[in-house]
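Enquirer: Sequence lines, in order, name chains A and B. Under my numbering, read the first sequence as residues 32 to 588, first letter to last. Under my numbering, read the second sequence as residues 32 to 588, first letter to last.
Among the clues, some could well be false.
Which copy is meant is left open, so a pair is good if it fits within one copy or across any two.
Stated by the list, open to error - Simulated pairs of lysine to any residue, SDA-like, Cα-Cα distance not exceeding 25 Å:
{"#": "1", "residue 1": "Lys521", "residue 2": "Glu331"}
{"#": "2", "residue 1": "Lys212", "residue 2": "Phe175"}
{"#": "3", "residue 1": "Lys521", "residue 2": "Pro135"}
{"#": "4", "residue 1": "Lys521", "residue 2": "Ala208"}
Hints listed in this document are in silico derivations from the structure and should not be mistaken for laboratory results.
There are 2 protein chains.
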Amino acid sequence: MTETPHPLYAKHADTLTRALSAIAERAYWSAYPESPSPRVYGETAAAEGEAAFRSYLDADFPLDQPGTTDRVATERSPFGVELGVRYPHGEVDALVAAATAALPAWRDAGPQTRLGVCLEILARLHAHVFELANAVQFTSGQAFVMAFQAGGAHALDRALEALAYAYAEMTRHPARAEWEKPAGKGDPLRMTKTFHVVPRGIGLVIGCNTFPTWNSYPGLFASLATGNPVIVKPHPGAVLPLAITVRYAREVLAEAGFDPNLVLLAAEAPGERIASTLALRPEVRIVDFTGSTEYGDWLEANARQAAVYTEKAGVNTVVVDSTSDFAGMCRNIGFSLVLYSGQMCTTPQNILVPADGIETDQGHKSFDEVAAGIAGAVGKLTADPARAVELTGAIVNDGVLARLAEVTGTGEAVLESRALEHPAHPDAVVRTPTIVRLGADATTTYGREWFGPISFVIATDSTEQSLEIFRTTVGERGALTASVYSSDEKVLDAAEAAALDAGVHLSCNLTGGVFVNQSAAFSDFHASGANPAANAALTDGAYVANRFRIVQSRRHA
Amino acid sequence: MTETPHPLYAKHADTLTRALSAIAERAYWSAYPESPSPRVYGETAAAEGEAAFRSYLDADFPLDQPGTTDRVATERSPFGVELGVRYPHGEVDALVAAATAALPAWRDAGPQTRLGVCLEILARLHAHVFELANAVQFTSGQAFVMAFQAGGAHALDRALEALAYAYAEMTRHPARAEWEKPAGKGDPLRMTKTFHVVPRGIGLVIGCNTFPTWNSYPGLFASLATGNPVIVKPHPGAVLPLAITVRYAREVLAEAGFDPNLVLLAAEAPGERIASTLALRPEVRIVDFTGSTEYGDWLEANARQAAVYTEKAGVNTVVVDSTSDFAGMCRNIGFSLVLYSGQMCTTPQNILVPADGIETDQGHKSFDEVAAGIAGAVGKLTADPARAVELTGAIVNDGVLARLAEVTGTGEAVLESRALEHPAHPDAVVRTPTIVRLGADATTTYGREWFGPISFVIATDSTEQSLEIFRTTVGERGALTASVYSSDEKVLDAAEAAALDAGVHLSCNLTGGVFVNQSAAFSDFHASGANPAANAALTDGAYVANRFRIVQSRRHA
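Isolated chain A (complex conformation) (with noise of 0.2 Å):
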């Protein structure tokens, strides 16, 4: 039942082999380049990107789906932007249904051919990159440099690294195989063996707020690339950058000669629990999610008819014990913190310091002059606010401004958090983050999630408490990101040795370019799948193997 590729394919066959390379070396690869720079992308791409963007506004999105029966407009920009983008709504059993009829032409189209179409279907996104990263911008609030990064190249670049690994999960056996097995001295048994790629059924992608590209394609794509119909249900706050992403798709898809429905949108009015729904159909049955831990919990309790991929809360933690270079230690702590106001599921929350202080490079520092240091670097990103807000970019929704008020409670403030004024958006909601002092016993404060600029700076009995609170904080709650600061190589071993036991991946002595809060697709796995804060990371086998099975058939030479 498999035809001969698609010409799609041998087009894209060099960048296929490429990423296969990457993922086998974990070094460093870009396919997209990440910089917005006139000279990567030519002159006109930024203002046809953001023309692009604002034709979307106030308008109906060009989706011409099955089954709509209304419009839908929900989104509300961080930067106080009036969107108004009203997107195709209806029925759910329209939506499965469309689905449903794609998948036996796209099944038996083949690994290649798939994979063809998958790849043609990023170039058009990489084609559209600024307009995507103008989308992503006014729904989630991220600055524009950051949402061109994060949400259209390093989101290209997961999905890429998800095709990847589908690709060569769906291609490490054989199509065909020939078996030949000696009978004595009669012949031998002959038997000519297919083995067929099956998709499980409907992926469903559940988008989140904050990166609603970046933390869907590799789901998104590693099910559409072994067969499966994807139905994307974007954040209410974030629509448009997947509702983009489905357009293009179906666009590509169309002009290959497949169904459009292979890949849907389904919009949500408010207070509709669409994805609840969407879950519990026994024809979807991957469902790949990023949120809160009470929503992922529920899916993986309750969607049992699916293959359940989670991305929930965490409590990231700087284990600090002493450094050889003090000032860089807490500028990288302190860009960790105000990159996009601490709203990245990355972003550093429990900072475990010694009470009596750290040994460094500048001498002995005690707690109060290392909390003092850390927030001092805050300070300075943010002393400018028209440079500041290229950083922070604006606050996603109002569940942000309530912790940040309840957080003032918990404990001593090192740092406060400002509303700062966004030269361009004067009604963008933009806050600079919050430092709380709290005591190695508050652990019904930080032993749990505060997602947004809220961290806190935790006095400890010695490290060795440190590293005991950060393997059972993460253990119990999980986390994304650890990062350790020691200039003692026993210390360092102790922590990989704790990052070890709680499943967590560990950085060490961040000091200059390269953050906690972020992962580099092809080379670090993006969360590990070892801890309460997600069940699988983005992306290795384990992500791909379980979206489609193998079925094989038999018959004699």
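Dock chain B against chain A, hints included.
Expert: Relative to chain A, chain B alone:
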């Protein structure tokens, strides 16, 4: 933390290399000779193995495990032989604690060392394969040759296959990578990244009565190789084969310098339900189970902290449309029904035949003639009790006898089950297959599994209806095997399409020495994970990939 590989890795590296090729080729290969002939295993092997088996009877099984408080003897041989083997029995807490304590050193030993040790365990088991075969025979009721093959050589092949997948998966990423990202005019960013393979936790293997080794080895060795300590919970009726396995595994582990508590036996007293107790322990992070749909579903629903791999019940189906070898077809199907008295999870149950009959090389055959042809083949194979029992073995437990009694009321018997006298074991319970004729509307009867020597010939309106019934029943209730007989390519294609939709492996026109109930390691996938009969396949990438996680650390180079 990864040390130099243990010398056992080098000792078995060639075997591993060959197995890695085999899983990539899926052609014929076997590492362990399936013939129990003295020409292969030597003149004394059979007698020594039997003597070793007998030495266990009516004695304390030699296993020194933590937490042992008393002994249990729960086996009753289907051959009527007194077994009386007394296994260590004790506290679940002690087993879990011992396994947990054994984990870190095994994790830190790294993939190569673990593979070397696991391959040595297989070599040790192979050196005791006759002992193992006797244990399988006298607990499962399999005839000796089958016990030797399925319970010995083939089980070892499946174990090796699982080891190869586990190794491939653990080593698809390097242990270390240098990452160098260009940074404009400045120095590139350089980081050294270490990727640790981290086990999930304790693996629990829940064995079955009929294939105690074959069905348990893939999960046992996949978990162990990926760094997880394993607690083996045998079926109370088939403890000995797994006790022997645990004994030699512990022996090899200790010799290699590891904690023998990496592999533990959890024998249970009658009614203790120790599997459920273990499956819900938070330390248990992987469960492998073969058995009833009811209990498999319970595990999937309740052992939520674990990755659960289940093989459950199904309705294996044969679609008979036409044949160019009527005698061969009847002989082949008949043999499939006789083998181990239909007590294989792969034995055909529902044989769908058009009521109008079929075209064959012997001209048109009516429905009754087809049914009589299959019944005749069964009759011939079971006519001589002395020869028959070497195919049928004995009835594994009273549940099978109860179903044999129950099925008599469901339709007209084309063939009655007969009790046979076993020449060597007068107390053995031996039954030949029954075949019952049903109409296509009797779905309440044939729409569920009747485990044992029970099959139905079902009269359908047409092959089209047969395929529809095939698609529906397998889609709803699952199946491990399916086969089709047709001399029409279009029907074969339609059957293959139905098999893809239902997600079941299909065999076409088996008329010779290959039988639908047999699956060959390294070539055939056993179960698909794409229908309700199993949520995983033995063995593929998905079966191993989520038994461990990758935890990385990175620091500036």
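Enquirer: None of the hints should be skipped; say for each whether it holds.
Expert: Hints and how they fare:
1. Taking the closest pair of Cα atoms, Lys521 and Glu331 never come within 25 Å of each other, the shortest separation being 39 Å inside a single copy and 42 Å across copies.
2. In this homomeric assembly, Lys212 and Phe175 come within 25 Å of each other (Cα to Cα) only across copies, at 22 Å, whereas the closest approach inside a single copy is 62 Å.
3. With identical chains, the CA atoms of Lys521 and Pro135 are at most 25 Å apart between copies only, with a shortest distance of 18 Å across copies and 56 Å within one.
4. When the C-alpha separation of Lys521 and Ala208 is checked against a cutoff of 25 Å, the pair qualifies only between copies, where the shortest distance is 22 Å, while the shortest distance within a copy is 52 Å.
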